[in-house]
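Q: Chain by chain, the residues:
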Amino acid sequence: MSGEISTHYGEGNEMLRLATAGSVDDGKSTLIGRLLYDSKSIFEDQLEAVERTSEQMGVEHTNLALLTDGLRAEREQGITIDVAYRYFATPKRKFIIADTPGHIQYTRNMVTGASTADLAIVLIDARKGVLEQSRRHAFLASLLRIPHLVLAVNKMDLVDYDEKVFEEIKAEFRDFARKLDIADLTFIPVSALHGDNIVERSRNMDWYQGSPVLHHLEEVHIASDRNLVDARFPVQYVLRPHGDEFHDYRGYAGRIAGGVFKPGDEVMVLPSGFTSRIASIDTADGPVDEAFAPMSVTLRLTDEIDISRGDMICRPNNQPTVTQDLDAMVCWMTEQGSLRPGMKLALKHSTRWARALVKDLQYRLDVNTLHRDDSVSELALNEIGRVRLRTTLPMFVDEYRRNRETGSLILVDEGTNNTVGAGMLLS
Amino acid sequence: MTTTTHYGLDHLRALEAESIHIIREVAAEFERPVLLFSGGKDSVVMLHLAQKAFWPCRLPFPVMHVDTGHNFDEVIEFRDRVVERSSLRLVVGSVQDDIDAGRVVENTGPRASRNQLQTTTLLRMIEEERFDAVFGGARRDEEKARAKERVFSFRDEFGQWDPKGQRPELWNLYNGRYRPGEHIRVFPISNWTELDIWSYIEREGIELPSIYFAHEREVFERDGMLLSTGPHARLMDGEVPERRVVRYRTVGDASCTGAVESPAATVAEVLAEVAATRITERGATRADDRASEAAMEDRKRQGYF
Numbered sequence: 000m001s002g003e004i005s006t007h008y009g010e011g012n013e014m015l016r017l018a019t020a021g022s023v024d025d026g027k028s029t030l031i032g033r034l035l036y037d038s039k040s041i042f043e044d045q046l047e048a049v050e051r052t053s054e055q056m057g058v059e060h061t062n063l064a065l066l067t068d069g070l071r072a073e074r075e076q077g078i079t080i081d082v083a084y085r086y087f088a089t090p091k092r093k094f095i096i097a098d099t100p101g102h103i104q105y106t107r108n109m110v111t112g113a114s115t116a117d118l119a120i121v122l123i124d125a126r127k128g129v130l131e132q133s134r135r136h137a138f139l140a141s142l143l144r145i146p147h148l149v150l151a152v153n154k155m156d157l158v159d160y161d162e163k164v165f166e167e168i169k170a171e172f173r174d175f176a177r178k179l180d181i182a183d184l185t186f187i188p189v190s191a192l193h194g195d196n197i198v199e200r201s202r203n204m205d206w207y208q209g210s211p212v213l214h215h216l217e218e219v220h221i222a223s224d225r226n227l228v229d230a231r232f233p234v235q236y237v238l239r240p241h242g243d244e245f246h247d248y249r250g251y252a253g254r255i256a257g258g259v260f261k262p263g264d265e266v267m268v269l270p271s272g273f274t275s276r277i278a279s280i281d282t283a284d285g286p287v288d289e290a291f292a293p294m295s296v297t298l299r300l301t302d303e304i305d306i307s308r309g310d311m312i313c314r315p316n317n318q319p320t321v322t323q324d325l326d327a328m329v330c331w332m333t334e335q336g337s338l339r340p341g342m343k344l345a346l347k348h349s350t351r352w353a354r355a356l357v358k359d360l361q362y363r364l365d366v367n368t369l370h371r372d373d374s375v376s377e378l379a380l381n382e383i384g385r386v387r388l389r390t391t392l393p394m395f396v397d398e399y400r401r402n403r404e405t406g407s408l409i410l411v412d413e414g415t416n417n418t419v420g421a422g423m424l425l426s
Numbered sequence: 000m001t002t003t004t005h006y007g008l009d010h011l012r013a014l015e016a017e018s019i020h021i022i023r024e025v026a027a028e029f030e031r032p033v034l035l036f037s038g039g040k041d042s043v044v045m046l047h048l049a050q051k052a053f054w055p056c057r058l059p060f061p062v063m064h065v066d067t068g069h070n071f072d073e074v075i076e077f078r079d080r081v082v083e084r085s086s087l088r089l090v091v092g093s094v095q096d097d098i099d100a101g102r103v104v105e106n107t108g109p110r111a112s113r114n115q116l117q118t119t120t121l122l123r124m125i126e127e128e129r130f131d132a133v134f135g136g137a138r139r140d141e142e143k144a145r146a147k148e149r150v151f152s153f154r155d156e157f158g159q160w161d162p163k164g165q166r167p168e169l170w171n172l173y174n175g176r177y178r179p180g181e182h183i184r185v186f187p188i189s190n191w192t193e194l195d196i197w198s199y200i201e202r203e204g205i206e207l208p209s210i211y212f213a214h215e216r217e218v219f220e221r222d223g224m225l226l227s228t229g230p231h232a233r234l235m236d237g238e239v240p241e242r243r244v245v246r247y248r249t250v251g252d253a254s255c256t257g258a259v260e261s262p263a264a265t266v267a268e269v270l271a272e273v274a275a276t277r278i279t280e281r282g283a284t285r286a287d288d289r290a291s292e293a294a295m296e297d298r299k300r301q302g303y304f
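Which chain is which? The protein sequence lines are A and B, in order.
Sequential numbering from 0 applies to the first sequence in numbering that gives the first Met the number 0.
Sequential numbering from 0 applies to the second sequence in numbering that gives the first Met the number 0.
Looking at chain A on its own, in the form it has when it is part of the complex:
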């Protein structure tokens, strides 16, 4: 016998964050344009503006890419440079699209857009099959641990809606995907231009039994993607009102990064190692019986112990690793200098800043072939490699594959203050 209990806060719909990767040539903008248009998320004045600009540019068809390519430079060059965020909703879900450029020179932008995504759509041109670019996008989606990957085989109209073409691409991609760590992989044959299998099921491809893209986005199960096992609460801010009404109030505000917390739970505070119990989980709307990722709440403990920002509240029998030596896959994100052993950087992990020394660059990963090159001495812009770091303070970390919140870090140049690296922790 099994039972189901549901703790769901709010009566509205769930939110799904998706990332799309590809170039205009793959029909990515057409796909997004169609999702937005068919869900009535494009407004008349936006469409008119795009039509006007398309006309000025001398383009024959209304170029839906202009909806997302918002910067002057992007419109002038006809390319997507940066991540653009788009929003649409259906009666079932709210969607946030991080629309990212597909070219290798914008790998950092795709990594950025993918970092918070629940699902990625990678587009493949049915005529061209699995290209180097498609492999790279799939690899980045798996590196960033996006839980769901959709391979949209586009332009099926140009291959006569041929099932064989679709099956060949599927087989080829599956073969490649075996080398990756992809939890959920879905293939959908589409024609974004004609709307086949985008919102409505295609009549031109009776042989396809699966869902159209939108239906898949509405139904894919994401509630269990977050880590609900390892209780992690990075302390963000200490609330001490000092007023008459709340004279002795001392609350630890933060956003739950993993697991479930309940009043009465025994907890441990790092780095001190003190243990206590949760007296109450507060919100401005009143106390709650349970709190889980990604809720922002305030914890009060039964004991008065010294806790400050950057500390981590966890369970005595389930703690993150406390260490000053970090192994991470790092994506280097700046053209101003390379990552080299010996350099020092600022590092942010959860709510904790430290300084980090690059001890070692073990190898560089070729994002197209997955080949490991251990002869390199530096990582340049858009390159990804395995790096060993030594931090000034102990950090409270989990493997990225186990928890994206407590397994990720950013590296910041101490001179310019620019974010120059993104790291995913390995065991």
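Simulated from the structure, these hints should not be mistaken for laboratory data.
Just so we're clear, the structure is a prediction, and the values are computed from it rather than from any experiment.
Worth double-checking, as some hints may not be accurate.
Claimed, not checked - Residues from chain A that keep clear of chain B, each with C-beta distances beyond 12 Å, as calculated:
hint	residue
1	D98
2	V164
3	I304
Claimed, not checked - Pair ranges (Cβ atoms, derived):
hint	chain 1	residue 1	chain 2	residue 2	range
4	A	V228	B	R57	36 to 46 Å
5	B	P240	A	Y248	17 to 27 Å
6	A	E10	B	A264	37 to 47 Å
7	B	E220	A	G194	36 to 46 Å
8	A	G194	B	D161	36 to 46 Å
9	B	R80	A	K358	37 to 47 Å
10	B	Q301	A	D288	45 to 55 Å
11	B	Q301	A	E244	54 to 64 Å
12	B	L89	A	E244	15 to 25 Å
13	B	E201	A	S426	41 to 51 Å
14	B	G237	A	G414	52 to 62 Å
15	B	E201	A	E289	37 to 47 Å
16	B	Q301	A	G128	26 to 36 Å
Stated by the list, open to error - Straight line, CA to CA, 27 Å or less: simulated BS3-like cross-link-like pairs of lysine-lysine:
hint	chain 1	residue 1	chain 2	residue 2
17	A	K178	A	K127
18	A	K343	B	K51
19	A	K169	A	K127
20	A	K178	A	K163
21	A	K261	B	K51
22	A	K91	A	K39
In this text, a Cβ means the ideal position worked out from N, Cα and C, and glycines have one as well.
Dock chain B against the given chain A, drawing on the hints supplied.
A: Only chain B this time, still in chain A's reference frame:
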């Protein structure tokens, strides 16, 4: 017996949790934050979120109104009431002061707007008050340049935004580091849409200035927009004032913010209207965005929010 528990947040709760996280990060990492508060619905929601973030404490930073002098009386009255009720510290940056001191020159003619002049006042106030983080209620769905904006948006010592040189922003790890003279603009409601804002206003029972709801007002038509008559409006030939039932979808400088005809008198009615509308709020009501395809990008580069 095995029991599986499903844990979930709906989208408004998820958005709220994200915004509260952002606001607390700023309070924790900056010396002198300030929250831009105009009385417009987005800034009202942002203030509401900030108050929830620090409950039961008071807001640990002041709010600031950049006052163009072209105001709707109802909005100023509302602003003062909110400030009073929540014991906020209000800082007012006056565009009129900059005009009087000759730091900016006001455009003349009936189409003159003080919208552009706000930038000078905003940057002067940031400098004078040494604010290092400025919360703004801009949303990415509003406008295509804003769609490219970061949550933590770096500004150099001239207050400039460099859209091509933005810091990558990953996971929920915000980089708020800056050098003296520079500052960070923070947009905690980046991921909210107009519909989310109204749904949240309804759910939380948030009070708004009365001009967001249907009322009778003397207006005239210009460039397809309904502008209010009054001390800040100068009629041109052929423009005839008439009384109509209108409401405002956005609240900005009174001289360039248009009303829409609407009978929606309650939040629920407005929500139904917003859900069915086919024109964006800025497209319908803001002359300042109509200057060119890149009007917002150009203003943002100069330091507008």
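Q: Against each hint, give a clear statement of whether it holds in the structure.
A: Each hint tested on the structure:
no.	hint	in the structure
1	D98	violated, 9 Å
2	V164	holds, 35 Å
3	I304	holds, 19 Å
4	V228/A / R57/B: 36 to 46 Å	holds, 37 Å
5	P240/B / Y248/A: 17 to 27 Å	violated, 55 Å
6	E10/A / A264/B: 37 to 47 Å	violated, 24 Å
7	E220/B / G194/A: 36 to 46 Å	holds, 38 Å
8	G194/A / D161/B: 36 to 46 Å	holds, 39 Å
9	R80/B / K358/A: 37 to 47 Å	violated, 58 Å
10	Q301/B / D288/A: 45 to 55 Å	holds, 50 Å
11	Q301/B / E244/A: 54 to 64 Å	violated, 45 Å
12	L89/B / E244/A: 15 to 25 Å	holds, 24 Å
13	E201/B / S426/A: 41 to 51 Å	holds, 47 Å
14	G237/B / G414/A: 52 to 62 Å	holds, 60 Å
15	E201/B / E289/A: 37 to 47 Å	violated, 26 Å
16	Q301/B / G128/A: 26 to 36 Å	violated, 47 Å
17	K178/A / K127/A	holds, 22 Å
18	K343/A / K51/B	violated, 38 Å
19	K169/A / K127/A	holds, 13 Å
20	K178/A / K163/A	holds, 24 Å
21	K261/A / K51/B	holds, 21 Å
22	K91/A / K39/A	holds, 14 Å
Hints 1, 5, 6, 9, 11, 15, 16, 18, counting from the list given before, are not met by this structure.
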